Amino acid sequence: DGGITQSPKYLFRKEGQNVTLSCEQNLNHDAMYWYRQDPGQGLRLIYYSQIVNDFQKGDIAEGYSVSREKKESFPLTVTSAQKNPTAFYLCASNPGRKNTEAFFGQGTRLTVV
Amino acid sequence: AQSVTQPDIHITVSEGASLELRCNYSYGATPYLFWYVQSPGQGLQLLLKYFSGDTLVQGIKGFEAEFKRSQSSFNLRKPSVHWSDAAEYFCAVVPNNDMRFGAGTRLTVKP
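Chains A and B, in that order, are what the protein sequence lines are. Position one of the first sequence corresponds to residue 4 (the working numbering), numbered consecutively onward. Position one of the second sequence corresponds to residue 4 (the working numbering), numbered consecutively onward.
For the record, the hints were derived by calculation from the structure and aren't laboratory data. This structure is a prediction, so every number in the text was calculated from the model and none was measured. One or more of the hints may lead you astray.
[What the hints assert, rightly or not] Only pairs whose alpha carbons sit at most 25 Å apart, straight line, appear in this in silico BS3-like list of lysine-lysine:
| id | chain 1 | residue 1 | chain 2 | residue 2 |
| --- | --- | --- | --- | --- |
| 1 | A | Lys101 | B | Lys71 |
| 2 | B | Lys64 | A | Lys101 |
| 3 | A | Lys74 | A | Lys60 |
| 4 | A | Lys74 | A | Lys101 |
| 5 | B | Lys52 | B | Lys71 |
| 6 | A | Lys101 | B | Lys52 |
| 7 | A | Lys86 | A | Lys17 |
| 8 | A | Lys101 | A | Lys60 |
[Stated by the list, open to error] Here are the computed distance ranges between Cβ atoms for each label pair:
| id | chain 1 | residue 1 | chain 2 | residue 2 | range |
| --- | --- | --- | --- | --- | --- |
| 9 | A | Gln59 | B | Ser83 | 37 to 45 Å |
| 10 | B | Arg72 | A | Ala84 | 23 to 31 Å |
| 11 | B | Trp86 | A | Asp33 | 13 to 21 Å |
[Unchecked claim] Computed far set for chain B versus chain A, every beta-carbon distance over 12 Å:
| id | residue |
| --- | --- |
| 12 | Ser55 |
| 13 | Gly65 |
| 14 | Ser73 |
| 15 | Trp86 |
Note that CB positions come from ideal geometry on N, CA and C, so glycine has one too.
Assemble the whole structure, with the sequences as input and the hints as a guide.
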């Protein structure tokens, strides 16, 4: 079945450590997105990528990094520079046209202790 | 500033009652507009979308939304709410190549 997969579902890390969240899609979509979700704040855009080897910062990119070496994969690294990394992270993809829906992964809940 | 606003953080309705969730956007041109629904701890599922044509669009699960250009609004409606509609609802816009979401409205359904 085609879809978008985020792993792991739950992730725990110690403060000061970098951590990488995985996002893989087999939908042949050009565009991929990373969002952070906190209660009462909706989904805030971290990074997005329209094509391989290219990506743009969203509204809250500080403390995060991404790569897009393959069309199917868009991993997000939460660095130690991110002041408050504990959150629910959602990855999404779409074909890259504005009028098409986005498909979402099931999310990764990151807890930094 | 460009934004998507969902004024209602939490709404409670009785099962069988009608529902309207509000969404306003502030972008120069009419962006592409979407409504998504999220169950707890899950990803988002598309309910409906608008990008041109008829301003009243139908979606899944009996939802509809009306685009009003003069009010920069895209409100979601359902004539009769079911207990299974309890979830969080997000309005989204695609102004350029990015996709922006409102803060969400949490819907509680009373028996």
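Hint by hint, here is what the structure shows:
1. A hinted pair counts as satisfied when its Cα atoms are at most 25 Å apart, and Lys101 of chain A with Lys71 of chain B qualifies at roughly 19 Å.
2. Proximity of Lys64 of chain B to Lys101 of chain A is assessed by CA-CA distance (about 24 Å); at most 25 Å being required, the pair is judged to hold.
3. Pair hint Lys74 of chain A plus Lys60 of chain A holds up; C-alpha atoms about 18 Å apart against a cutoff of 25 Å.
4. Our distance criterion of 25 Å between C-alpha atoms is met by Lys74 of chain A and Lys101 of chain A, whose separation comes to about 18 Å.
5. Proximity of Lys52 of chain B to Lys71 of chain B is assessed by CA-CA distance (about 14 Å); at most 25 Å being required, the pair is judged to hold.
6. Restraint check for Lys101 of chain A and Lys52 of chain B: the C-alpha separation of about 11 Å stays at or below 25 Å, so the hint holds.
7. As the CA atoms of Lys86 of chain A and Lys17 of chain A are separated by approximately 13 Å, the hinted pair is consistent with the 25 Å bound.
8. Taking the CA atoms of Lys101 of chain A and Lys60 of chain A, the gap is about 18 Å. The hint holds against a cut of 25 Å.
9. Between Gln59 of chain A and Ser83 of chain B the beta carbon distance is about 42 Å. The supplied range of 37 to 45 Å therefore holds.
10. In this structure the supplied range 23 to 31 Å is violated for Arg72 of chain B paired with Ala84 of chain A, their Cβ-Cβ distance being about 42 Å.
11. Separation of Trp86 of chain B from Asp33 of chain A is about 39 Å and departs from the stated range, judged on CB atoms against 13 to 21 Å.
12. A beta-carbon of chain A comes within 12 Å of the beta-carbon of Ser55 of chain B; the shortest separation is about 8 Å.
13. Distance check on Gly65 of chain B: its Cβ is at least 18 Å (rounded) from any Cβ of chain A, clearing the 12 Å threshold; non-interface status holds.
14. In this structure Ser73 of chain B is separated from chain A by more than 12 Å, as the shortest Cβ-Cβ distance comes to about 22 Å.
15. Even its closest Cβ contact with chain A, about 23 Å, leaves Trp86 of chain B beyond 12 Å, as expected for a residue assigned away from the interface.
Figure legend: structure checked against the earlier numbered hints; hints not met, in rising order: 10, 11, 12.
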